[in-house]
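Trainee: One line per chain: the protein sequences are A and B, in this order.
Sequential numbering from 1 applies to the first sequence in this note's numbering.
Sequential numbering from 1 applies to the second sequence in this note's numbering.
These are computed hints drawn from the structure, not numbers from a lab.
Some clues are possibly wrong.
The calculated EDC-like cross-link candidates involving lysine to aspartate or glutamate, where the alpha carbons are at most 16 Å apart (straight line), are [as the list claims (entries may be wrong)]: (1) A:Lys136 x A:Glu33; (2) A:Lys316 x A:Asp138; (3) A:Lys40 x A:Glu224; (4) A:Lys136 x A:Glu227; (5) A:Lys211 x A:Asp188; (6) A:Lys75 x A:Glu259; (7) B:Lys127 x B:Glu275; (8) A:Lys182 x A:Glu259; (9) B:Lys192 x B:Glu180; (10) B:Lys108 x A:Glu306; (11) B:Lys240 x A:Glu33; (12) A:Lys155 x B:Glu275; (13) B:Lys108 x A:Glu33; (14) A:Lys183 x A:Glu306; (15) A:Lys136 x B:Glu293.
Covered by chain A, per the in silico footprint, the following chain B stretches (three or more residues, Cβ under 8 Å) [claimed, not checked]: (16) 148 to 158; (17) 229 to 241.
Facing chain B, from chain A, some residues (calculated, C-beta under 7 Å) [what the hints assert, rightly or not]: (18) Leu26; (19) Leu29; (20) Ile31; (21) Asp34; (22) Leu36; (23) Leu144; (24) Val149; (25) Glu152; (26) Ser331.
No experiment lies behind these values; they were computed from the predicted model shown.
We treat Cβ as the ideally placed atom computed from N, Cα and C, and that holds for glycine.
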Amino acid sequence: MKRKMHLMSLLNVVIPVAAALAVGALVILAIGEDPLYTYKILIQRSLFTYRGFLKTLHFASPLILTGLAIAITFKANVFNMGVEGQAVLGAFFAGVVGFTVKGLAPGWHVLLCLLTGVVTGLLFALIPALLKAYFKVDEMVVTLMLNYVVMEVVKFLSQGVFRDPASGYVSTYAVAESAMFKKLFDTDLTAFFFLALGVFLVMLVVFMRSKLGYEITAIGRNPEFAEAAGMRVSRKIVIIMLISGAISGLAGAGFLMSEKYRFTLDFSGNPGLGWDGMLIALLGNHNPVGILIAAILYAALKTGSEYIGLFTSVPKDIVGVIQSVIILFLSVRFLAAHTALWERLQSLFTALRTARTSTGQRTDTP
Amino acid sequence: MNMLHSILYDLVYHSTPLILAVLGGLFAYQANVLNIGLEGMMLMGAFSSSLFVLLTGSLWQGILLSILCTLALGLVFSLFSVTLKSNFIITGFGINLFASAFSSFILKYMRLANINVSLVVDVPALKIHIPVLADIPILGSLLSGHTPITYLSLLLILVVHVVLYKTKLGVYVRVVGENEEAARAVGINSAKIKYLAILIGALFCALAGANLSTERMALFTSNMTAGRGFIAIAAIYCGKAVPVRTTLYAVLFGLAKSLAINLGLVAGPISGLFETVPYLAIVLVLFAVSAVETKNTRLRGFGHE
Chain A
1 MKRKMHLMSL
11 LNVVIPVAAA
21 LAVGALVILA
31 IGEDPLYTYK
41 ILIQRSLFTY
51 RGFLKTLHFA
61 SPLILTGLAI
71 AITFKANVFN
81 MGVEGQAVLG
91 AFFAGVVGFT
101 VKGLAPGWHV
111 LLCLLTGVVT
121 GLLFALIPAL
131 LKAYFKVDEM
141 VVTLMLNYVV
151 MEVVKFLSQG
161 VFRDPASGYV
171 STYAVAESAM
181 FKKLFDTDLT
191 AFFFLALGVF
201 LVMLVVFMRS
211 KLGYEITAIG
221 RNPEFAEAAG
231 MRVSRKIVII
241 MLISGAISGL
251 AGAGFLMSEK
261 YRFTLDFSGN
271 PGLGWDGMLI
281 ALLGNHNPVG
291 ILIAAILYAA
301 LKTGSEYIGL
311 FTSVPKDIVG
321 VIQSVIILFL
331 SVRFLAAHTA
341 LWERLQSLFT
351 ALRTARTSTG
361 QRTDTP
Chain B
1 MNMLHSILYD
11 LVYHSTPLIL
21 AVLGGLFAYQ
31 ANVLNIGLEG
41 MMLMGAFSSS
51 LFVLLTGSLW
61 QGILLSILCT
71 LALGLVFSLF
81 SVTLKSNFII
91 TGFGINLFAS
101 AFSSFILKYM
111 RLANINVSLV
121 VDVPALKIHI
131 PVLADIPILG
141 SLLSGHTPIT
151 YLSLLLILVV
161 HVVLYKTKLG
171 VYVRVVGENE
181 EAARAVGINS
191 AKIKYLAILI
201 GALFCALAGA
211 NLSTERMALF
221 TSNMTAGRGF
231 IAIAAIYCGK
241 AVPVRTTLYA
251 VLFGLAKSLA
261 INLGLVAGPI
271 SGLFETVPYL
281 AIVLVLFAVS
291 AVETKNTRLR
301 GFGHE
């Protein structure tokens, strides 16, 4: 029965991905390119070459984090759409600490920058958290609005006080060398990937084994019942949002220090780290292991998209189209756990079990 | 005086797309389908109207084709959320991301940074100056010199009010939203009503988008809707989807935007920060409305509406 569940949740992921690839293929055909060749480049370059695969892992690092940040709130039925803004703001201030503080030992400087990112993300998540928990202000709209506020504020700051005049476009100064993650094995991979893995392991324990993980599930199912059962829902929502904000800030800071090194207006990319995280959380069904796999697969799509531009004339924005169609199809559960077929199997199972226990009782009685 | 004129004029200018989005979006809200996809539908309207104007060389053909395109997107949303019973919040986000990704994909493919249709659309000529009204001091600034869709949107406030409260369709929409079982019991095809409600929203968003890009600037730039769809959702929440009340919240945002732009002009170096004012205003308004509501309905437990 458990295997059947796994198979079903797997199919619930495979169907949307296949459908999205089909829609993407239609779009590629429509502009007169070869979809199969495009997809071949996409997959081969990102997963089946040594450098490509490590690059994929490198790009997966922030996505694992934003995926986890989204999942922890979505699972509690709290919609933190502010992961994008929290990551960007975390990255920005990590960058500021990266180029203003000088003369620190590399390890300490990296730590200080990461910590700045975490604290920034956490503090910024505090606003929607308190509004949601104590005044029941819709967190989705608030976090979305605050994303736009973040965009305007970092634009203002990077065009003004923190602008690097030597750069031809709007950008802050680059972080000091002591605040950069070093490239490992002569590839794009850095220690940030292992840091993300560490956070993943911690969150795995939180989700699967801790009291908080249980409470998150309970609140997600039915907040009134959770409150009646003695969980202090308002406080838990604040804690969940703060964890989400802290992880988002870490994601942004790490991405800046391992890949971009300086803050530009297109730092987060299009559709952005936070939105990628949403796709990943949904693909992974809000389960940490699922998120890890989904993040790596999605990063492969991103890495591959860079090669698409080199080998074909398909714009790499095709990946965004595929991503949005995946989300669209993921919103439908094609094989629900409560289909008629499923019900019948279940009743059969319980019938068998009652039969067995009743025969067991009969043998017990002398 | 000149400043007051610009503030009043911009108030209507920036309120128009929002008024259209809230008027369209409130139908779905009344029918108990939260349409997060307003943003994407508006973006699709903005993008496809300028694209088709560029391709056909005609303003009205372009807008007509754009309406069809946006309705198709609305149909996809209805298909998923009503027929396939999806999690419609996630479907809506899919719609938003799709509109954004698809428009940037096409722009890249056509090797354009933005779509400029100023050769086809003569923006100043579209503005209607109302003879007598234009000379009245404050009313003239408010109501004269706008584009056709702007006047249409003002008219639609009344139309939507009448449709929602005085026609069979309006009653059906509200009944479906209130109690779907009961609606079905008396023979209302609830799925059909929901489809209609969502499609009305898509139609209005198409107009809002066309107004935003083609009609008032003759220009489309990537992601130019900049969260207006979500502002519309916030306005619908605050106004409880009552047409006139919801419109007032939309106008409140238009006011914040207009003040931010006009005061930003004289603010010097910090004018960039004024761009945040409209978004912060929405957060504050939501906060005020929710705080009043929680105070009035103080119940034991969590999650009471």
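Trainee: Is it true that the CA of Lys192 (chain B) sits at most 16 Å from the CA of Glu180 (chain B)?
Mentor: 12 Å, holds
Trainee: Hinted pair, alpha-carbon criterion (16 Å max): Lys108 (chain B), Glu33 (chain A). Please report holds or violated.
Mentor: 15 Å, holds
Trainee: For the pair supplied as a hint, Lys182 (chain A) and Glu259 (chain A), is the alpha-carbon distance within the 16 Å limit?
Mentor: 10 Å, holds
Trainee: Checking one constraint from the list: CA of Lys183 (chain A) to CA of Glu306 (chain A), max 16 Å. Satisfied?
Mentor: Given pair Lys183 (chain A), Glu306 (chain A) is violated - Cα atoms ~20 Å apart, limit 16 Å.
Trainee: Taken at face value, is the distance from the CA of Asp188 (chain A) to the CA of Lys211 (chain A) at most 16 Å?
Mentor: Given pair Lys211 (chain A), Asp188 (chain A) is violated - Cα atoms ~38 Å apart, limit 16 Å.
Trainee: Going straight from one Cα to the other, do Lys75 (chain A) and Glu259 (chain A) come out at no more than 16 Å?
Mentor: Not satisfied, since the Cα-Cα distance of roughly 30 Å exceeds 16 Å.
Trainee: Quickly compare the C-alpha distance for Lys316 (chain A) and Asp138 (chain A) to 16 Å and report which way the hint goes.
Mentor: 35 Å, violated
Trainee: Taking the least C-beta to C-beta distance, is Leu26 (chain A) closer than 7 Å to chain B?
Mentor: 12 Å, violated
Trainee: Identify whether the interface hint at Ser331 (chain A) stands, where standing means a beta carbon of chain B within less than 7 Å of its own.
Mentor: Holds: closest Cβ of chain B sits about 4 Å from Ser331 (chain A), inside 7 Å.
Trainee: Hey, does the Leu36 (chain A) contact hint survive, CB to chain B under 7 Å?
Mentor: 19 Å, violated
Trainee: Quick one, is the Glu152 (chain A) hint okay against chain B at 7 Å, beta carbons?
Mentor: 4 Å, holds
Trainee: Going straight from one Cα to the other, do Lys136 (chain A) and Glu33 (chain A) come out at no more than 16 Å?
Mentor: With Cα atoms ~50 Å apart, Lys136 (chain A) and Glu33 (chain A) exceed 16 Å; violated.
Violation of the numbered hints given earlier is confined to hints 1, 2, 3, 5, 6, 7, 11, 14, 16, 18, 19, 21 and 22; the remaining hints are satisfied by the structure.
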